[in-house]
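*Asks:* Here is how the chains run, residue by residue.
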Amino acid sequence: MPTRPARTSPRPKRQRAPEQHRSEDDPRIMLDREVSSDLYEPIPPYPTRTEREAEFYTIGDGQMFLNLGPQHPATHGVLRLVLKLSGEQVVDVDPVLGYLHRGVEKICENSDYYHVIDQVDPLEYASALFQEWAAVLAFEKLMDVEVPPRAEYIRVLSAELLRVASHTLFMGFLALDMGGLTPILYSFIERDEIVEMLAALTGARMLFNYFRIGGVNGDLNHEFMSRLGDWMSRAAKQTEASTGLLNENEIFVRRARGVGVMDREMALRFGVTGGNLRASGVPFDVRRAHPYSVYPQLDFNVPTRLEGDSLARYLIRMDEVRESIKIIDQCLNNMPDGPVMAKLPRLLRPHPGRAWGAVEGPRGMLGVYAISDGTDQPFRFRIHDPSFMNLEVVPHLLPGNLLADTMAIVSSLDPIMGGIDK
Amino acid sequence: MDRTLKRRLEARLGAQIQGPIRQRHDQTEIRIQPGDVPDVLRTLHDSVDLRFELLADLAGVDTGREMQVVYHLWSETSPDWLRIIAEPLSREDPRCPSATFLWTGAEWLEREAYDMFGIVFEGNRDLRRIFMPPDYTSFPLRKDFLLPDDAARSPGEGVRNVERPFAPAVVADDPAAGIRRAPAS
Amino acid sequence: MRALPATFREQARAARAYAVESRAFALESWAGASLTDRLALILVPLALFLFVGAVVSAVVMLGPTIDFLRANLPLVRFVVAVVGILVLTIPTAFLLIYMELKVIARMNLRVGPNRVGPWGAAMSVVHGLKVLAKEDFAPTGVDVPVFTLAPVVTFLASVMTLLVIPFAPGIFGQDFNIGLLFFFAMGGLSVLGLLMGGWASFNKYSLLGGLRSAAQIVSYEIPLTISVVGVILLAGTMSLNHIALAQSGSALDWFVFKQPLAVLIFFIAATAEANRTPFDLTEADSEIVAGFSTEYSGMRFGFFYFAEYVNVFIISALITTLFFGGWTAPFNWPWPYNLNWLDASGIGAAWILIVGLALLVATDILGAAIWLFRGRRWSAPSAFGMGFLIAGAGVTVLIGLACFIALDWVQGIFWFMVKTYIFVFVFVWMRGTLPRVRVDQLMGFAWKWLLPASLLNLFVTAAAVIILNLPSAR
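Going down the list, the protein sequences come from chains A, B and C.
Each residue of the first sequence is one higher than the one before, counting from 1 in the working numbering.
Each residue of the second sequence is one higher than the one before, counting from 1001 in the working numbering.
Each residue of the third sequence is one higher than the one before, counting from 2001 in the working numbering.
FYI, nobody ran anything at the bench for these hints, they're computed from the structure.
Wrong hints could be hidden among the right ones.
Stated by the list, open to error - No farther apart than 20 angstroms at their CA atoms in a straight line, the calculated lysine to any residue pairs in the SDA-like style are these:
1) K2448(C) with I251(A)
2) K2102(C) with L185(A)
3) K343(A) with S293(A)
4) K106(A) with Y125(A)
5) K2102(C) with T2433(C)
6) K106(A) with S1154(B)
7) K106(A) with T1137(B)
8) K2204(C) with L402(A)
9) K2102(C) with L181(A)
10) K2448(C) with E2221(C)
The model shown is predicted, which means the values in this text are computed figures rather than measured ones.
Take these sequences, add in the hints, and give me the full structure.
*Replies:* What follows is the structure, given as structure tokens:
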């Protein structure tokens, strides 16, 4: 048996992990202690520049800053709310955005008119068809395109289905932010049914890429119609059952009633639209105020409430679900035959001009301002997002409430960060 | 197309409207000087026959030669959307009065226009960047924004800036590469 | 075979040499040895010496040791009880965690864990192993001694209360005269642990969570204890064993019928004490990421987690003992029934042989049956394995039934566990259904509603005891 060779050199030292990169040595990072400020906590790590920033980041006696986010189990996406707290009570809020900014407007300036529709989907990803619709409306105005009536009805049908799905999701998240674990799963079950339906129609579950300039990308098919019929036969009862879980829950109602009251003047001053505005008493709905597509021919109500608190915002969306089901019913009954897409050249080159198109999304008015310079790419593609305006109210609604109400208020405004941060 | 709106606007605003009032589809468009913005918006908001109470959008536009600020308003008195184009704003020092005195919601919209274009809104209490990091130096939606230049001046390359309130305009080395000129409209 | 490049061959040679060198434990000198080697050299022989010494002394001193233990039987009993309690909390917590996962999943129209064992039963065990295996660290800036002790304090405060709970006639840790007082005193110590955890983590979320929990627990302790005084008045004693005995008889003797308001108050206050939904804002993960346990991970978090579930078990056990009769059966059984014909002393150790034989025979029969009738889908070993399982289950059930009939403490444990787990199920049910209460609503409820209600209950009970001249009034 061969013997092991004798050790000739001293035993090598065990390898250690390489020295961690020290932040003191990195010239690209400015450490907190380098910033001269007489705040107790050096937030933000740069000198404040504006009046409002200085006002916010000056801390009083017994107050502290708390960062809610951007990584947080309950902010709706990557939202950072810098709260100035006095114990549990919120004194001031500074929302910091931009964590999901993807430069969609710039990308759309470098894309074809077809490609823009695909790019604009992930803005409000929970209800993607509405962004497509707004973009397509603006482009159709630029190009003077007539949309065939069947395509219009299909657009309304799919959009209202998605509105129901979005509101159901909103309800689930509102309950989750208040601590109830069950309603969100029920709302995902319902949303899944609708999303599967739309997948049968459009081919995708979430980012549909379905609307086209001049129509939609495909006619109704058998699977979609059978799923839709199935769903319609149960929709009303299912909605009642799911909303009953929260409407009659004493704890939920007491946490949402009277919290985050936004009155009429405040809502109008902030440019808030959608369910939040209607919950404050202003019956502004783009489908009625400035009708587009076939909405003038459809019969539906615009629910309005006067209280303006979180509970009203929640109840209004549940009312809207019922209205949407009515609209879907009418669409199915009145669906005309015909083509689903207008005849358009392959390379779209609109004349130079400007157009604005606005639709009523689940969160409010989604507007698109498109400028064309005669080439096949839009010169300027501006998206106005409703969640952006809705979130702006937050620094004026939160102060005075407790930390626990933060979630009740922010969730009831239904922000989707994709749209806010573009 | 709301002809009555055209007449009412001419009656109320008269001298402040530059050029003809254009109407197409369901939109009415007027152009004003940036200095007239507060007066015009106040008139539109307050006058009894106009009552444009809802600010639908506030956007910046870079036409390649100059900058514009575009407002979209809605009123119950008219079925049209009203578009107000405040131009010209120079590219070196774009300044425009703020609309926050009328609509508090304009604050964030103006922050976004500032962040993307560098347009300074006088009267906005909180004019800082909203999407880009606070020490960012370029203005992304400008037509002369070139990503390689921007990357070369970014913290990834070791350049550390704390932003000043107004950064000087950036001129690209190769004008033909990134800028597209709008046709004369 | 293509020749490897020269560099590869050199690298392989160097690697082999290094491996050989590092494998050989060749210690040349003390000075050349590393710190770990030196420690090993000292400690291993020392441990061996101590172990051998202990074994020898135990063998030599066996007799006197047994005499000592026999003389101090209460001490032995106490040590056994304490060890049993500490050990049995782990399976209890495991069972509760699994139950919570599955029951809430079913309420959410989901399935819950179903991969990790039969019907996902090994999920808790896997969770436990996972927290054990995680890195144990304390974040920068924490107060390390306090940070380390916080989960220990919380866990121990919960577990010590198990000492006084009577699981069956004769099965309890200690029968204090002031058992209930001891229980609340120990239970209140958990506040200390939560506060320590909240403060020592260098984190504002934890601070908020810790302070919230301190405020909540302290305010709900008062209605909790006052509502229980009615039971003490009715039973005439603070000893939990005697309280359970005072309810023996039938279900109508249970205190729930005599103290309905107290049950309600106690239930609500106990939910708040255990930080369960709807009062779980100390760990509200939609507001303050995980409350006081934000910065905890690994086994430290495991202790907090276990403490919470053991707490749920404990308060369910307490509700059962105080109001629902503890280990007493709901109706009068003519038991324990003496199974004389199964007299164990007559047959003696041959019982084991009989049980083993029965198991073997049953396994063979069942295994063969399964294999014959489902031959294609079951291989022989798995068929016999299944047969063994079924036979084992059957034999266990038979033995359990015999014990149940013959022994009163088996009955006691059975009824106690049934009632306790009904309440555990109610707690889990509440978690799956209800949203969270806001902190000011919570405090307002405790001080403005529960406290006056519990005082009212106390006065009414005391008046009834005096007026109706109940036996405990003396």
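*Asks:* Please go over all the hints and tell whether each is borne out by the structure.
*Replies:* Verification of the supplied hints:
A distance of roughly 17 angstroms separates the Cα atoms of K2448(C) and I251(A); the hinted pair therefore holds under the 20 angstroms criterion. Proximity of K2102(C) to L185(A) is assessed by CA-CA distance (about 15 angstroms); at most 20 angstroms being required, the pair is judged to hold. Proposed proximity of K343(A) and S293(A) is supported: the alpha carbons are some 18 angstroms apart, at most 20 angstroms. For the hint linking K106(A) to Y125(A), the alpha-carbon distance of about 19 angstroms falls within 20 angstroms, and the restraint holds.
Proximity of K2102(C) to T2433(C) is assessed by CA-CA distance (about 14 angstroms); at most 20 angstroms being required, the pair is judged to hold. Between K106(A) and S1154(B), the direct Cα distance comes to roughly 19 angstroms. Compliance with the 20 angstroms bound is thereby established for this hinted pair. Distance check on the hinted pair: K106(A) and T1137(B) sit about 17 angstroms apart at the alpha-carbon level, within 20 angstroms; holds. Annotation: proposed proximity of K2204(C) to L402(A) holds, straight-line Cα distance about 15 angstroms (limit 20 angstroms).
At roughly 14 angstroms between alpha-carbon atoms, K2102(C) and L181(A) fall within 20 angstroms of each other, so this suggested pair holds. Between K2448(C) and E2221(C) the alpha-carbon distance is near 14 angstroms, which keeps this suggested pair within the 20 angstroms criterion.
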